[in-house]
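Let chain P serve as the given structure and place chains Y, H and V on it in line with the hints.
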Amino acid sequence: MSYKKGVVKTTYIAIIIAIIVIAAIGGMAYMYMKPAPPAKESIKVGISLSLSGGFAAPGQRQLWGLTMWVEEVNERGGIYVAEYGKKLKVSLIYYDDRSDSATATRLYERLITEDKVDILLGPYGSGITLATAPIAEKYKVVMLSQMAAADTIPAKGYDYVFTLLAVASRFGLSRVELLDSLSPKPKTFALLTSNELYPLTVARATKTLWEKAGYTSVFYEEYPKGVTDFSAILLRAKAADPEVFYAVCYPADAFVIMRQMKDIKFAPKLIFLDDGPNDPKFVEVFGKEAEGVFTQMSWHWELPFPGVKEFVEKFKARYNELPRHWSAYPYAAGQFIEKAIEKAGSLDSAKLRAAFLELKDVPTIVGPVTFGDWTNPMGEKLKQINLGAINFGLQIQKGEMRVAIPRKYSSVDIIYPWPGWAS
Amino acid sequence: MALGEVHLRIENVTKRFGGLVALKDVSFALNKGELLGLIGPNGSGKTTLINVITGIYRPDGGRVLLNGGEITGLKPYKICRMGIGRTYQIPRLFSAMTALDNVVVGAIFGKGRKADLGEMRRKAAELLDFVDFPKLRREELAGKLTLMESKKLELARALATDPEILLADEPLGGLNPVEIDEAVELIRKIRDSGKTVLIIEHVMRAIMKLAERIVVLSHGAKIAEGEPREIANDEKVIEAYLGERIYAPSQ
Amino acid sequence: MPKLGLAVGREGAMKRSLMLIALALTLFLIPPIVEKGYYINLLAIIFMYTALAQSWNIISGYSGYWSFGHYMFFGIGAYAVGILVTKLSFDAYLASVLGGLASFLAAVFLGLILLRIKGPYFAISSLVMAEILKVIAINEEWLTGGGNGLILPPRYALREFYYAILLTLLAVTAIAYAIKRSSMGYALFAIRDDETAAETYGINSTKYKILAFAISAFFAGVAGGCFAWFVTYIDPYSAFDSTLALMMIVSAVFGGIGTVMGPIIGGFVFTLLMEVLWVSFPYVYLIILGASLILVMRFIPDGIVERLVQIVQLMGKVGIKIPARI
Amino acid sequence: MIPSADTILQLIVQALLLGSIYVLMAVGLNVIYGVVKAINWAHGAFVMLGAYAAYWLYELYGISPYASAVFSAIALAAIGAFTHELLMKPFFGMRYFRAITLVVTYGLAILLINITRYMWTDVLRGVNLGVPPATIGAISISRPFLYGGLVAIALSILFYLMLKRTQIGRAARAVSESRKHAMLVGINPNVMSRFMVISGAAMAGVTGSLISTIFAVTPEMGSVLGIKAITIVILGGLGSYAGALIGGLMIGFAEASGTYFLGARYQPLLYFLTLLIVLSIKPTGIAGEE
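Residue numbers (this note's numbering), protein chains in the order written: chain P, 1 to 423; chain Y, 424 to 674; chain H, 675 to 1000; chain V, 1001 to 1290.
In case anyone wonders, no lab produced these hints; they're calculated from the structure.
Taking lysine-lysine and the DSS-like style, the derived pairs with C-alpha atoms no more than 25 Å apart in a straight line are:
| id | chain 1 | residue 1 | chain 2 | residue 2 |
| --- | --- | --- | --- | --- |
| 1 | Y | K498 | H | K792 |
| 2 | V | K1037 | H | K792 |
| 3 | P | K140 | H | K710 |
| 4 | V | K1089 | H | K792 |
| 5 | H | K881 | Y | K534 |
| 6 | H | K792 | Y | K501 |
| 7 | H | K881 | V | K1282 |
| 8 | H | K761 | P | K381 |
| 9 | P | K383 | H | K761 |
| 10 | P | K138 | H | K710 |
| 11 | P | K351 | P | K44 |
| 12 | V | K1180 | Y | K567 |
| 13 | H | K710 | P | K40 |
| 14 | P | K156 | H | K761 |
| 15 | Y | K567 | V | K1089 |
| 16 | V | K1282 | Y | K498 |
| 17 | V | K1282 | H | K792 |
The following block holds chain P by itself, in its conformation from the complex (with noise of 0.2 Å):
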């Protein structure tokens, strides 16, 4: 390299590097260094979503379903506010996590020091709510979660954070209910969970509560994250032979588990895959050997629920699909929030929190709201939950998703047993 070459190519590099910098300093100026607003125009609502990395598909959903209450009070002026005696506007302060704990605790850490928010809203999943949950606790702001499903969270005890979502413990009592409306009742399961927090509680509440009405466990198995092929493990699922097969897996593992059960020509008499069939894909991608399969969902845009379906009609309107739980549950916590605010009359944190523990059956779109306290299976005592959440048990039919369970909302008959493979 001559020498007159490598000066060049060395000033180029070092003015990109110094772009970069400068970029980099004057980027961080320009977002964090903006005059903050003046004083009391409207109703901070701060929540950290993710974005990006591994929750970004729901994180997105639920982004459009707060994004959906904030215009809808925005256009009937707001919520009134006893305190400043009139109506203020809300609006909603969120940042991407990354799906990424430790982002997350800057973020809220950012939302309550920074942005001077009135209330917050929870992440999306167990781990970061885990994380980020102490933070609203530390600094007394009311934390409404709404994608935590964990027991641990509420277990925790915390005096400022409410657990919106039907807790995973409370899934097994639709799945017990589900065996129980059965006939013949079935006598044998096998159960396939995901090892990770969430689906680990749901598999463990739900094993314990079908072996305590009478049904027995002939396969149980945990699987880590990264399995890729589950041939193995379903050929000794299928030499149990169960009636009952039940996963609690995700969507992309649903997707093999259907096809390598078919594969060894496993059927038992029910399938019941936690997520996956959920996923609209699911039933375009199975067609005719869907039918049949089980699924959860805590919310369903069939529901008897005042406000379900003019949401479902402007959310498949604007977003061109049906709305899941990712995108009602924070609805309905806007919903919620609107009362709790009404009825406080005020923005202050404990006055707010008083009134989350006063307000009962409050009308939402995932039904009536009602926080208490509540004792799980496992026997750990759980504060502030939602005692009205359901996980509801869906049955595909017809190529559609249709509530099985609870039965009180159904509308449909269960097949049972399950038809089998079409060929």
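Positioned in the frame of chain P, the structure of chains Y, H and V alone reads:
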């Protein structure tokens, strides 16, 4: 230890690589203070033998004795610290370090090692002067040196370990006639400073002038051993070199 | 190419250490002055990545053993703290140090197996080793909580985390500097350039590699430990997260591997850059991350620090007067 | 639990089929490594792109993934050419070449995965041909797996023959041994390495098409498989086709039998340990040289 005593003894050393026999039952001795030449055609096992002595390869049979004590199969760094230094045929310098630092490495970790870095640097600088390494190039990265500079640096680095025995693997290879004369002088100087030297060489004229005694390897076996004049006239050696006539020193 | 530390005169070293001490003091004073938790949190995370990059540098930058599985030590530290605090009610700070020690010991043991393997084989083996540890964390539920993870006592200790991680960063940098200026530095750099030759010049390569691996692991473990009590929840997937290895490698490469300042500058610039990118382009920052990784390797494979040195030298040639070499 | 003979046979079939998919990926990696001496971390991402190509062709035009494998191969060949010119060639001859290419292709993988995610979101996709499994006695064989395995074996043999028998193969081997010497005998090493990188990428495209009928098609689908393939290549020995074959089948068996006899939670442990044990005995893999 008196001059002339056996310093390093190679006893029936055999080394195989898979089916290939690289060294076949090789034995000879290196006497204290002597300058022994090790010659042989390409692939005759010269470098393999050095690698066996310095512990890079473990022999399949035979022993290596230093001052009567067995060192076969010891780790290379231990052998280095017992006083055997070597250079490589194709210089294996620490290319991202400066020339001086290369020598410092030898000084810090070799037989004469001391914890004082400053002292080791001074020692390294002296050695670079000793081998006539250009002063201006001391802070140059070793990867950017010329061949002659690299060879000198190799020698300085090996000397920095304070060896009693220096194994020099083709120190003259690739040099032009003027450089060869310079290098020959340097090797004599090293021997004269009291070291035992084993030199592997390809340049026959030089080795015949330089070595006091010569061992010849062919196809992994020792075929001759003796004074340069005897070797030059040895039929087996002439044959091994495919008829190439080896000239005895004219003096 | 970076030269070994001793080339710098004593005067320059004095000036430089004074500057560094002043900088460190400033960093210590930030939390009391800056009220906003966000900035403290951001700085703390930058320190953490920087400390990890520096620890990676000690083994991989110095000795040339590119460890793609270095996140295993972060995970070991995190789990050691998790276990000590939840099962044996240890104090979090003491536990962090013990987490570092656990990583140190693990590295000595694992190093005996791994460091015999070279080049890409080593890179992948270290990655595989980290994944093995992850599987163990998933399965040994009695100890690690399995897939449920470990939930530490809730406390939100941002300022404590800031100081702990800053101390870790300063310590790992001081050690990296000390190693580079000592005979160990010579040994590691020699191993990096030619391990066989290094052995024949008296270097016990196994000893130095394992020592470097273990020291490096110690600090990664301490960082992991601090992280555990800061986020209060760890599970196998977040404690043994392979993207951490990516962050370490990229930061160190970005700044310049094998130099002391490289991982620091690289860690700061890179983490800050990521933060800005991600705030400004939440949806595409990963695309930009991938692209910048490629561009950095393509155009400045030997890192920013090396370029800065060249620029400084260039300024000297043009006649701009500059103080002693940085 | 003592399995029946049928179950054991079924397990062996499953292990073979799984192993053959791994072999296919590992051979693709080795094709590149053989000449370029670089591990392509983005191989998994390439496979993912191949799967997306197959998916879209199936979704939009109803072309079967087995037919569209050709298109996937061509598309990926183009990306392979780009990778070679911009991400490998500039680094030839550099210190740490292998580490650098590992990091650069890691960057490429992140880039490709996230561009895919940006364009087509994380929505699950998949191709279901609805073909019933083939049956021999009590054993059933998944057709997508079977076809994948057959193509894997065919391609491996094809490449092996090409390397041993043809002019190109001889040239490739010459470059693989020494770029400098190859140049001296009139072979342009850049042309050779470009050719091999393109071939390797095209194989990834074919792999993608084949597995679009086995796994769900998502941006992340290639990541786990890609790392597994790299593990296999390391286990078998870099650049060795026989090694890739043995390694792929070994991992296939380790996974299937490990899952069956030890349980799913220990599945990864078994093959990771296989790798470490092999490497601690032979640090360059089963059939690796150096």
